[in-house]
Amino acid sequence: MNSECQSRSYLPKAALWLGIIGAVSLLFFNLIFQEDWTQRYVWLWFVVPLPVVFLIVAKKYRFSGGLLMVLLAIAVTVIDILISPGYPGQVAGKGVVYTIIFVSLPLLLSGLLYIIYRFRVISSQKAE
Amino acid sequence: MKLVEIKRYQKSITYYFLDIILALSIISVLASSYILWFVIPRGYGVHFDMCGNEGMGFGGNYFTALGIPRYLWIEIHNWASVILLGLVLLHLLLHWSWLGEMFKRVNSQFGGTVRKAGEQLIASITLFILFMVDCFSGFVLWLMLPRGALDYFYMLQGGGRTFWGLQRNVWLDIHVWVSVSIAAIVIIHIILNWRWVVELSKRIIEWFRGLFINRNKKESVQ
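For the record, the sequence lines run as chains B and G.
Numbering-wise, our numbering puts 75 at position 75 of the first sequence, and it's gapless, one number per residue.
Numbering-wise, our numbering puts 303 at position 175 of the second sequence, and it's gapless, one number per residue.
Don't read these hints as lab results, they were simulated from the structure.
A hint or two may mislead.
[To be verified] Pair ranges (Cβ atoms, derived):
id, chain 1, residue 1, chain 2, residue 2, range
1, B, ARG40, G, THR192, 25 to 33 Å
2, G, TRP224, B, SER124, 37 to 45 Å
3, B, ILE116, G, GLY195, 46 to 54 Å
4, G, ALA159, B, ILE122, 42 to 50 Å
5, G, THR142, B, GLU128, 32 to 40 Å
6, G, VAL167, B, PHE46, 16 to 24 Å
7, G, ALA151, B, GLU128, 45 to 53 Å
8, B, ILE100, G, PRO274, 23 to 31 Å
9, G, TYR282, B, ILE116, 45 to 53 Å
10, B, LEU71, G, LYS139, 32 to 40 Å
Think of the CB as a built atom: it goes at the ideal place given N, C-alpha and C, for glycine as much as any other residue.
This is chain B alone, in the form it adopts within the complex (with noise of 0.2 Å):
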């Protein structure tokens, strides 16, 4: 039970961790679609302190911040494939591939590892 409780407890810390590197990478992600010249996407930097709100979200309310980070994971992934700026070559760090290994996959497996904690709670908590 000890042991269970210590493994169950690294994952808050994991998904944090993973938060902050989804954060960083937005923030980039975001910066390159500031290459688009025409500006049409000027909006897209109200989405750079929502990975930070989510994971101030997620230390109360773990499943609803966990949740929130996967949509927005899915969200970026949807940004890229439908608006995006250039093509690969033109931007450097521009395709798609890119945006789902280094921004989406972090803040999803961080949503992911909130949402496993606040259900093992549950299961932990019912068992007793």
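Position chain G relative to chain B; hints supplied.
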């Protein structure tokens, strides 16, 4: 802080000032990266308003940021990275015994206070591996597939120069994204070692203040 204490903390103080130099080196590499990536980027079609149809791809090397042309920023970035590589290797060498100790502690048991050691160990190793990948991709871009071979349009069509089957633009994409991950993990590395940084900073500031106050006292006695 007294002289006896300074001797006791000599190792930590050496690490502290080396870490400051390391941080300055990281900042210079990151700043030059930012300028090269976003302020004066290369590439056909970007910054349409400045260059019309041609983008920065053709004359990009002569555009300046802070009065320095792009090709000089590339040199600054390259050589600052070489210095950073040396400092990182020195940092690793100085912390070799710490790494060994952490491995032993993490292996011996998992949980409690060892958990933090495990976190620090994972962050340090990940950081080092990513840094090596970034250095390698940087050297490929600098020495194996340098710019200026007039294959830009071939590259866009998929027929440019390759190294290990990857074109220059792919190496560049890997280089920039791995460096973003490095920046994120550096933040985590600093957060994990924050207490050490704050405590040692306080001691060093105290020592400097003590030096200043003692000197003032001596002058007033004389």
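So, going through the hints one by one against the coordinates:
no., hint, in the structure
1, B:ARG40 with G:THR192: 25 to 33 Å, "holds, 27 Å"
2, G:TRP224 with B:SER124: 37 to 45 Å, "holds, 41 Å"
3, B:ILE116 with G:GLY195: 46 to 54 Å, "holds, 52 Å"
4, G:ALA159 with B:ILE122: 42 to 50 Å, "holds, 47 Å"
5, G:THR142 with B:GLU128: 32 to 40 Å, "violated, 51 Å"
6, G:VAL167 with B:PHE46: 16 to 24 Å, "holds, 22 Å"
7, G:ALA151 with B:GLU128: 45 to 53 Å, "holds, 47 Å"
8, B:ILE100 with G:PRO274: 23 to 31 Å, "holds, 30 Å"
9, G:TYR282 with B:ILE116: 45 to 53 Å, "holds, 47 Å"
10, B:LEU71 with G:LYS139: 32 to 40 Å, "violated, 48 Å"
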